[in-house]
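Build the full structure now, drawing on both the sequences and the hints.
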Amino acid sequence: MFWYIAGIITALKLTLFPSYHSTDFEVHRNWLAITYSLPHKDWYYEKTSEWTLDYPPLFAWFEKCLAQIAQYFDPAMLEISNLNYASPATVLFQRMSVVFVDFVYIYAIKEYVTKCLSKTQKGKHFLISPELSLAILLMANAGLLIVDHMHFQYNGFLYGILLLSLNKITQTHYLKAAFLFAVLLNLKHIFLYMAPAYFIYLLRNYCFSSNKGMNQLPQLISRLFPFKRGLCHAYWAPNIWALYNVIDKVLTLIAVRAGLLTSDNLQQATMTGGLVQEFHHTVLPTITPLITLCCTVVAIMPAVIHTWLYPQGTRGFIRCLTLCAWGAFMFGWHVHEKAILMVILPLTLLAFEKKKDAHIFLLISTVGHCSLFPLIFTQPETPIKYIIVILYAVLAFTFLGDIYLVNKTWYQLPLLSLPETLYIVGFVFLEIYNSIIHSVLNLNEILPFLPLLLTSVYCAIGVFYTWVCFYWIHLSDKNIKIVKTE
Amino acid sequence: MTAITYSAVLGVCLLALLVRCAISLHGYSGAGQPPMYGDYEAQRHWMEITFNLPISEWYHNTTNNDLMYWGLDYPPLTAYHSWLCGYAANLFNTSWVKLFQSRGIETQEHKFFMRLTVLFADVLVFFPAVFVYFTKCSLNYKQMELYHAVPFFCYLLGSCFYGRGFPMWKLVKLGLVTILTFALCWLPFLQSTQSAKQVLHRLFPFARGLYEDKVASLWCTLSLVIKFKEILSSDSLVKLCLFTTSIALLPSSLHLLFKPTKRNLSISLVNVSLVFFLFSFQVHEKSILIPAISVCALLPYYPFACMWFLIISVFSMVPLLARDGLLLPTIATSVMFFLATCSLSECHKPATPDRKPSRQSVTQRQFSFVFWPEDIVVVSVFLLSMIGIFVLGLFHLRMKPPSDLPHIYPALIGAYSCAHFVMFLMFFHWKQFFSQEDIAPSKPTRSSQYSTIHHNMKKHN
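First to last, the protein sequences are chains R and F.
Note that the numbering used here numbers the first sequence so that position 89 is 89, with each residue one more than the last.
Quick note: to get the numbering used here, add 486 to the position in the second sequence (first position is 1).
Treat the hints as calculated values from the structure; they're not laboratory data.
In this text, all values refer to a predicted model and were calculated from it rather than measured experimentally.
Built from N, CA and C at the ideal position, the CB exists for glycine as well.
A few of these clues could be false.
[What the hints assert, rightly or not] Here are a few chain F residues that face chain R, going by a calculated C-beta distance under 10 Å:
#1 Ser493
#2 Leu500
#3 Gly513
#4 Ser515
#5 Gln594
#6 Glu595
#7 Ile817
#8 Thr819
#9 Ser820
#10 Phe823
#11 Phe824
#12 Leu825
#13 Ala826
Below is the structure:
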């Protein structure tokens, strides 16, 4: 059954090949070209394209491997000067490569559901087994489908390795887990956000240390950590800074009304919204990278300390991991909206352990997936993004509602309270406004970024609320369970 | 219905919709191929014609209506549908239906609009119909649905005589309903016999010849050996087709007439539409979809045979689909459909004791069937047939045909499919006549019907 479903979802990915792809498609094509035609010492210096190599070395080697196959599809895509090249063969190859490496993710899911899922829930379901529903919810994750198979990235592959590493943690093979996580870090450094959780957990359960070094380190680091970019990405990821920006905006308007600010100050802060990435706050203090770093550390600390004081085996670890990623998402510098997947995917695993976690998962997966809507803005793909997200929500609510045997009422979504239900239903109205009413009222010219801003703020409220709830769940769980390696 | 059933139905509909939307991103018939383009342009042109011209001109060659450029050749209901769509198109963008000027329009927005019209029709008509089954109106929608008319006629006629009450009165009611529906649809064209004749003439274009392109019909396949087109005149060909089709229709229809059960209707729909496809004059590759839709309805009863038929029916359209650049979605959706059917048969597994029977899932009861037959010979023949598909497909797509036989691969694909269809025709006839117990009689409750099938299938194996 598992493989049937995996096959069906893979076939679905194939049908999405001609859909819109973002600049990330060109980014990865450029990296194929760089790694294929240059010696490795030049990889991080090459800058013909504006999309310089800014993933860690292992990912570059991965691209080099792909390029070996790519040459048989269309050698022209491997020329560095061939900017924005997207022949049908190139599209086919790049899309196929994503679908193909996704099998790492599918394999990791298979491993997890057969070996690692705790058996506490067994026999309580009526629709389909928890193993299968977890597998479906992971494989069919709406965010991954949108980001990988429409927008274009290799997240499924990366999360596959993360999941494999989590498998090893569950099986207490700590060295293998650490190895896989190190591999993951060298594929994409964003997983550094999860490193504190790994560090503390492994330190507590298994003494662990590691060293890495390279001559090119300064250049490499300057590419990997682009602090020259702004506080918020073009479209504000739904985090604290999105709320902060809006509060600043509102305060500015109030201050102008009250005559506390002159119109000169106002000019500076007009709603250029997305395109200009530098954002100057008018009333509130302007945020620097250092502040975001401090905030992130402060946000993560309680979770990490709690994991140190009350280790609770795998569940506690995954919660800590999720909170680390979540803290970084809430307070980090230049956060991408896609990073919410780092929260949603580990939470999918937790949703099948405890009812409380399932509640958090249902909220954040729906909010998080809705926050990805602005990524896909082209007309033909609009119905697809909505259907994917709604379908995923239907599956998630049905499966989990079935497993936890909630009493269903017609006015409440399973496991959610009435205000939370209303909040989720609010997305329908938000999207109706964004995709229909806004353009019918001809506001596109005057307020082009209003839909983005509304989505961002509305999602930020949900993400913030869920984060606080989840933190509370983690901190109030005080059983101690140390899992030593075998 | 429980909440879970609602979610299941919603989930299936959303998945079906998602697949449709994803496919709609791919190419379409005649994209970027002036001057005639393809079916996409035909449908758009009908919107233009019906929106701009008075109803009396729709089927006539006039200065404003060039019938040589995708003239309307579907029955009136389709024309009304086109008119509605044309009206909508005009609301969004008047240039999409400007008379003459809009020909061959190919913009992103217009493609999206066209795709949406199909999606809307699917959601409004096809999705509910899948739950309610076929409606009578489909006959006026596309004359090809005539393929399905004979079984409906026999079933309804038969049930007049075999039911309780006065047969004549039922017959009168039946006739009235049919005639009224037709009259309503055809009303605007009945002002003069000449205009009605013109519509009929447009609907049945005998002038087009025995077959177009290479198609998996019997005539096209036999013409690999016997050149009918050269031996016989077009007129006698029409008569030959009419005669053979009528003869071939008889067994299944008569059986249904005398035993008008729902079960016989379902199988007879397959048999009769397949006879039409194989024997009639002027069939198109796409016409195989008509038998295919009735085969889909039998999928829960004979999953293996039906799946096999459906794979072959898609294969018979491969030359057509490959021409429109739709090979990838064809393979993807076929694989999806195959795996979905297999996975439903997995649900068949007996309930474990720790599940309460009271809440045992509805999905389990409704889709309990075994996909793979236990007979190893049947499975190996199936696998051989699949290998044949693979090899022929590969040749068609990758190899250059010999210069003296440029259409050899499409012809071989047609013949290969035709052989399969003949086999299926015999299989379904055999099923209709000799295995009454396969599908339970007329009006049992839903669940008992399914459990009977399940029971019988097990007995069968």
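Each hint, compared with the structure:
The closest approach between the C-beta of serine 493/F and any C-beta of chain R is roughly 4 Å, which is under the 10 Å cut-off, so the hint is satisfied. Taking 10 Å as the C-beta contact cut-off toward chain R, the hint placing leucine 500/F at the interface holds, the least distance being around 4 Å. About 8 Å separates the beta-carbon of glycine 513/F from the nearest beta-carbon of chain R, less than 10 Å, and the hint is met. Look at serine 515/F: its Cβ only gets to about 16 Å from chain R, farther than 10 Å, so that hint breaks.
Because the closest C-beta pair between glutamine 594/F and chain R is about 7 Å apart, less than 10 Å, the hint holds. The criterion of a C-beta within 10 Å of any C-beta in chain R is met by glutamate 595/F, whose closest approach is roughly 7 Å, and the hint holds. For the restraint placing isoleucine 817/F at the interface with chain R, the shortest Cβ-Cβ distance is roughly 7 Å, inside the 10 Å limit, so the hint holds. The interface hint given for threonine 819/F holds, since its Cβ lies 7 Å from the closest Cβ of chain R, which is under the 10 Å cut-off.
The interface hint given for serine 820/F holds, since its Cβ lies 8 Å from the closest Cβ of chain R, which is under the 10 Å cut-off. Below 10 Å, beta-carbon pairs count as interface contacts, and phenylalanine 823/F has one with chain R at about 9 Å; its hint therefore holds. Taken as an interface hint, phenylalanine 824/F checks out: its beta carbon lies about 9 Å from the nearest beta carbon of chain R, inside 10 Å. With 10 Å as the threshold, the beta carbon of leucine 825/F comes within range of chain R, its nearest partner Cβ sitting at about 5 Å, so the hint holds.
At its closest, the beta carbon of alanine 826/F sits 6 Å from a beta carbon of chain R; the interface hint therefore holds under the 10 Å criterion.
In the structure shown, a violation is registered for the earlier hint numbered 4 alone.
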